[in-house]
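Enquirer: Chain residues, written in single-letter form:
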Amino acid sequence: MKRRVLPGLPLSLGITLVYAAIIIVLPLIALVFKAASLGPADYWRIVSSDRAVASYVVTVSCALAATLFNLVFGMALAWVLVRYRFPGRRIVDALVDLPFALPTAVAGISLTTLFAVNGWFGGPLSTLGIKVAYTPLGIMIAMAFTSLPFVVRTVQPVLEELDPALEEAAQTLGGSDLSIFTRVVLPLLTPALLAGVSLSFARSLGEFGAIIFIAGNQPFETEITALLAFIRLEEYDYPASAAIASVMLIAAFVMLAVTNIMQARALRYTVRN
Amino acid sequence: MKISLDNVVKTFDTFRAVHGVSLEIESGELVALLGPSGSGKTTILRMVAGLEFADDGHIYFGEEDATDIPVRDRGVGFVFQHYALFPHMTVAENIAFGMKVSKVKRSGDAIRERVQELLDLVQLTGLGQRFPGQISGGQRQRVALARALAVDPRVLLLDEPFGALDANVRRDLRRWLRKIHDDLGITTLFVTHDQEEALDLADRVVILDKGRIVQQGTPEEVCRSPHDAFVMRFLGDANALPATVRDGKAYVQDVEFDAAGLSDGTAEVLFRPADVAWREDGQGVPAQIVRVLDRPDSRRVLAKTTGGQSIEFDTAPEFPHRKGEAGFIDIRRPRVYPSGRT
Chain A
1 MKRRVLPGLP LSLGITLVYA AIIIVLPLIA LVFKAASLGP ADYWRIVSSD
51 RAVASYVVTV SCALAATLFN LVFGMALAWV LVRYRFPGRR IVDALVDLPF
101 ALPTAVAGIS LTTLFAVNGW FGGPLSTLGI KVAYTPLGIM IAMAFTSLPF
151 VVRTVQPVLE ELDPALEEAA QTLGGSDLSI FTRVVLPLLT PALLAGVSLS
201 FARSLGEFGA IIFIAGNQPF ETEITALLAF IRLEEYDYPA SAAIASVMLI
251 AAFVMLAVTN IMQARALRYT VRN
Chain B
1 MKISLDNVVK TFDTFRAVHG VSLEIESGEL VALLGPSGSG KTTILRMVAG
51 LEFADDGHIY FGEEDATDIP VRDRGVGFVF QHYALFPHMT VAENIAFGMK
101 VSKVKRSGDA IRERVQELLD LVQLTGLGQR FPGQISGGQR QRVALARALA
151 VDPRVLLLDE PFGALDANVR RDLRRWLRKI HDDLGITTLF VTHDQEEALD
201 LADRVVILDK GRIVQQGTPE EVCRSPHDAF VMRFLGDANA LPATVRDGKA
251 YVQDVEFDAA GLSDGTAEVL FRPADVAWRE DGQGVPAQIV RVLDRPDSRR
301 VLAKTTGGQS IEFDTAPEFP HRKGEAGFID IRRPRVYPSG RT
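Taken in order, these protein sequences are the chains called A and B.
209 is the number that full-length UniProt numbering gives to position 209 of the first sequence; each next residue is one higher, with no gaps.
183 is the number that full-length UniProt numbering gives to position 183 of the second sequence; each next residue is one higher, with no gaps.
One should not assume that every hint holds.
[Claimed, not checked] Keeping only pairs whose Cα atoms sit at most 25 Å apart, straight-line, the calculated SDA-like set for lysine to any residue is:
{"no.": "1", "chain 1": "B", "residue 1": "100", "chain 2": "A", "residue 2": "185"}
{"no.": "2", "chain 1": "B", "residue 1": "105", "chain 2": "A", "residue 2": "267"}
{"no.": "3", "chain 1": "B", "residue 1": "100", "chain 2": "A", "residue 2": "267"}
Bear in mind the hints are in silico, worked out from the structure with no lab data behind them.
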């Protein structure tokens, strides 16, 4: 066996593998087994039931909207934090992490209070005819709130490392601000944006605590998939719960694979020949 | 295109980087801005490019006042110190960038043809489809030059163009850049802290210190008659011996040097290591050899005068003397400058 200079490989690798097996792989296998105990016909009936499909539609569409919002707003926030020096910048920078630090239930309750018809935001909005709490819009807001830091925190370091000379070079070559942004800055941020967006989307798909308070949880309208799985669990219908959860699991894996492929494509220039 | 700077000033926060610099660069000339770090040379270059705006003074391109023209409309080609190639674009895409974003629309074929032409010019034929991460530093430098030339700039500006390359590549690229300049005849201004590079490449050298021009002239002029001790020291190795001036003569330990025009008081005598002869017969400043270093084509002698000053000089490889021997240094081509400003 080759001698290594760095010590600790067997121990650290061992701990990592055991941990990964017990905490990640084993539960996932249990989930798959539980779902598989149903048999194909039952499985399909449960995961394709009208109520389940409606919950997928609500969850995915709200998560997409929230992610799109975070893509734009998160990038703007990262841009402002990196590019400009203004009073209170450090406070804003610290606030970005708040959704991570805050218990999601607290976030959910706060958002519900704010956006309820008699709340600070909900009141004025309802006079405009916009209802937020207990609608898909509320779900979107909760998702956007809890997953915002992902985009900011993945884009921020890349933006910080971006050599200002690249933009200066583009300027000397006659590029307009718009063409410099679309041709130089955006392509270089794409891998980070993809990473941030996929994390943000995954978090939105799985978010539970913040949403159930504000969603209203009406089946077919504002019921998210995670809640449906939880309801089945409370009914002691473990296989059905596992079946619904497995759909979310598969969705997460597919998304991870897709974003990895997209990232590799966006980063193909870094591959050396 | 002739470039003129008229009393240009630039201050960063509280630090004044450039103090009223006036400079004329004739059309087709290749000029080096030479100075130590913090001398304001890069700031001047960036102001000519439009990457910084002058606080005061004017910059003219020909007869046109370019002081407030934004960088993207100024028509300059700028080569950055670390090339600033777009890493996500191929070499060909990098070169084509300026033509693609230009207000003057070109057809795809015209752009491809021009890119090919430029790749040939910078001797990178066939590397158009590589990414900047896949080519060497010297090749990147040439891509950066091709990219800057692609937009047919009125002037070419280079910021420490060879700073990040190793010595051999640097010398080759230098000669090659001179040739490109001679072929294209484009007015070129480049910044360097390397005197050898400036003297090697430029028609005219502008020496800067602390935001001011201290001397400008052809390489021959600045080498043969440096204005002051700073220029003398900056252009190459120099020894300095403190002296006293009396009646137009400078004295170093009783050895007399011509100091016509200098007022009485303290001064220093500067001379190059090659301008020293070692004597044993009492002519010159008495000194003792401290060490002898061998070089491929010479021996360098480290000595100490009896006045306690360290000096270094070069001798033929056959120089027979050793550490500890005493003798005299006979100084040819001494230059006497009033002391004070270093």
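Enquirer: With reference to the structure, classify each hint as holding or not holding.
Expert: Evaluated hints:
| no. | hint | verdict |
| --- | --- | --- |
| 1 | B:100 with A:185 | holds (16 Å) |
| 2 | B:105 with A:267 | violated (30 Å) |
| 3 | B:100 with A:267 | holds (22 Å) |
The structure does not agree with numbered hint 2 stated previously, though it agrees with all others.
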